[in-house]
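Work out the full structure, taking the sequences as your base and the hints as a guide.
There are 2 protein chains.
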Amino acid sequence: MLIPTFSDVTSAHERIKPYIHRTPVLTSSMINTLAGCELFFKCENFQKAGAFKARGACNAVFELTGSQADQGVATHSSGNHGTCLSYAAKRRGIACTVVMPRTAPQAKKDAVRGYGGRVVECEPSTSSREAVFAEVVAQSGAEFIHPYNDHRVIAGQGTCALELVDEIDDLAAIIAPIGGGGLISGICLSLSSKAPTISVYAAEPEQADDAFRSFKAGHIIADDAPNTIADGLKVPLKDLTWHFVSRHVTDILTASEQDIIDAMVLLWKRMKIIVEPSSAVPFATIMRNRELFAGKRVGVIITGGNVDLEELPWQRKARVS
Amino acid sequence: MLIPTFSDVTSAHERIKPYIHRTPVLTSSMINTLAGCELFFKCENFQKAGAFKARGACNAVFELTGSQADQGVATHSSGNHGTCLSYAAKRRGIACTVVMPRTAPQAKKDAVRGYGGRVVECEPSTSSREAVFAEVVAQSGAEFIHPYNDHRVIAGQGTCALELVDEIDDLAAIIAPIGGGGLISGICLSLSSKAPTISVYAAEPEQADDAFRSFKAGHIIADDAPNTIADGLKVPLKDLTWHFVSRHVTDILTASEQDIIDAMVLLWKRMKIIVEPSSAVPFATIMRNRELFAGKRVGVIITGGNVDLEELPWQRKARVS
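Protein chains in written order, with my numbering: chain C, 1 to 321; chain A, 1 to 321.
Honestly, the hints are just simulated from the structure, not real lab data.
Glycine is no exception: its CB is placed at the ideal position from the N, C-alpha and C atoms.
Any given hint might turn out to be false.
Unchecked claim - In silico lysine-lysine, DSS-like type, Cα no more than 27 Å apart, as pairs:
id : chain 1 : residue 1 : chain 2 : residue 2
1  : A       : Lys296    : A       : Lys216
2  : C       : Lys269    : A       : Lys269
3  : A       : Lys269    : C       : Lys109
4  : C       : Lys234    : C       : Lys216
5  : A       : Lys269    : C       : Lys17
6  : A       : Lys17     : C       : Lys269
7  : A       : Lys269    : C       : Lys234
8  : C       : Lys296    : A       : Lys90
What the hints assert, rightly or not - Some chain C residues close to chain A (C-beta under 8 Å, calculated; not the full set):
id : residue
9  : Asn45
10 : Phe46
11 : Ile261
12 : Val265
13 : Leu266
14 : Trp268
15 : Lys269
16 : Ile273
17 : Pro313
Said to hold, decoys possible - Restraint-style ranges between C-beta atoms, simulated for each label pair:
id : chain 1 : residue 1 : chain 2 : residue 2 : range
18 : C       : Ala195    : A       : Pro124    : 52 to 58 Å
19 : A       : Asp239    : C       : Leu34     : 41 to 47 Å
20 : A       : Pro101    : C       : Arg113    : 37 to 43 Å
21 : A       : Lys194    : C       : Met1      : 53 to 59 Å
Here it is in structure tokens:
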């Protein structure tokens, strides 16, 4: 297990600067009044390819040696990592293959292809994905860039927290969503060196609370098929992210599906930003734990903005009820 | 007619700084590729109360003398100006009355009241509005702050262009929507002193193209009841805004309703920002006039983000067709 260090984060920042946005930090007095604390939203929904994952993907891709790069990169992902890896590969001018279940949304496949990546479909099962992926790697010799359990990816994600603490003073805490834990690990890595007094909170849907239960149990618990609107947060922790989560996270907070939808609507309405459901989870948990954050200055990572504008959750809900 | 000067804009900027956001300027390579030029979006949808009109309203309210302020402010507006004036009055701790047709959307009335303003309803006709408004002013002695035909408001709106040219070098043009012309007048005022080589384009819906026709005819033409999805842009030019528009605007460009909806969807999808229909008009006209802007650096003012999330125009359209 290769554990990244703080200097990997600062090197990553230099390496990826030409390929990423330095995203703005937005605030809203109305939201602060509602939450009872001062929130600073780091808007990675404005990041290249629409998600913070462009940071980790770019770091991994641009860290490859020339001969590694010649063979391209590959991953399995039905979410933002596939799109972001495809973006990064395009910027370096190398091949990228993303293995996706054939049932993945057309928009996600189109997004990978939009940056020139190749989509290889598998059946929607772990065994099929692993078999197809192994074949892709065997044929192409491509470098596997795991969505989160990868030291290069974690160092890249850590740059987001670096920018936030550079810009905003006196934060008491930073909170971000947790799925596989790549972003949270990057935040832990950055803060433990750069600003060790800042607490790190992870936010998770109640209906996919494997990280929460892992944290309480003291070992990784992986769920079979969690079901949540926050579809970026269904994946389990792995050894490398567990290393950081178990050592540096202050606490993991959860929110119900309705909390997440309510938080998403509030962010859209008050902040005028498009955030995907996963990105609304931290704010949802703050609203449920107001006493914990009362009067404090808190950084919130808005992780991405990739949503289907034809099918918004509050409308879906309205149609069903 | 009190014509504001450039020093009124710089004074306005100092005066309103504590009450407004310095909004970020966002870019998107994908949007640039589609448009064939470099676009810099000044995001006033993130402004206080959700629109650039907070600038003019704050400038007008904070420029009042103590005894003027004691009597409060009043306006007629069924749009963002009413909300923004109410916001500004709240910040100064004075009364604000907004006359609105009883048929105005409930959300707009709630927004005014949300900042502590008083809504007085009139019938949806000019005669009723004028009669009710005259009564409000007679009773309260409140200072009338016109939504755009007011030197204090225009000087306030001009601060938006000031920030944009301070931040972004070498702009060839700035483009903004035109309704009554308050924002465009402020831009003309700022640029004619600060950066006279930058062209000023105004963007208007085809279905409410009174400013376009006025500009071509050389005198103000006011329409009776224009109908467009860009509901902030239905009002006519007035003497003070005509002064600036007729002297300093390079050209007025128009877009169809479908162009505006398409532009709005593209901005939501690619920029991850919530923009109201009026704010999509400049980008819609750029997409229709690509040869005009080819390869240039162009500032685009995103004027506001106040939309009804339950009723989005592309969905409304889908339901009808």
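Hint by hint, here is what the structure shows:
no.: 1; hint: A:Lys296 - A:Lys216; in the structure: 25 Å, holds
no.: 2; hint: C:Lys269 - A:Lys269; in the structure: 16 Å, holds
no.: 3; hint: A:Lys269 - C:Lys109; in the structure: 16 Å, holds
no.: 4; hint: C:Lys234 - C:Lys216; in the structure: 18 Å, holds
no.: 5; hint: A:Lys269 - C:Lys17; in the structure: 24 Å, holds
no.: 6; hint: A:Lys17 - C:Lys269; in the structure: 24 Å, holds
no.: 7; hint: A:Lys269 - C:Lys234; in the structure: 24 Å, holds
no.: 8; hint: C:Lys296 - A:Lys90; in the structure: 25 Å, holds
no.: 9; hint: Asn45; in the structure: 4 Å, holds
no.: 10; hint: Phe46; in the structure: 6 Å, holds
no.: 11; hint: Ile261; in the structure: 12 Å, violated
no.: 12; hint: Val265; in the structure: 7 Å, holds
no.: 13; hint: Leu266; in the structure: 11 Å, violated
no.: 14; hint: Trp268; in the structure: 6 Å, holds
no.: 15; hint: Lys269; in the structure: 6 Å, holds
no.: 16; hint: Ile273; in the structure: 6 Å, holds
no.: 17; hint: Pro313; in the structure: 11 Å, violated
no.: 18; hint: C:Ala195 - A:Pro124: 52 to 58 Å; in the structure: 56 Å, holds
no.: 19; hint: A:Asp239 - C:Leu34: 41 to 47 Å; in the structure: 43 Å, holds
no.: 20; hint: A:Pro101 - C:Arg113: 37 to 43 Å; in the structure: 49 Å, violated
no.: 21; hint: A:Lys194 - C:Met1: 53 to 59 Å; in the structure: 57 Å, holds
The structure fails hints 11, 13, 17 and 20 (numbered hints given earlier, in ascending order).
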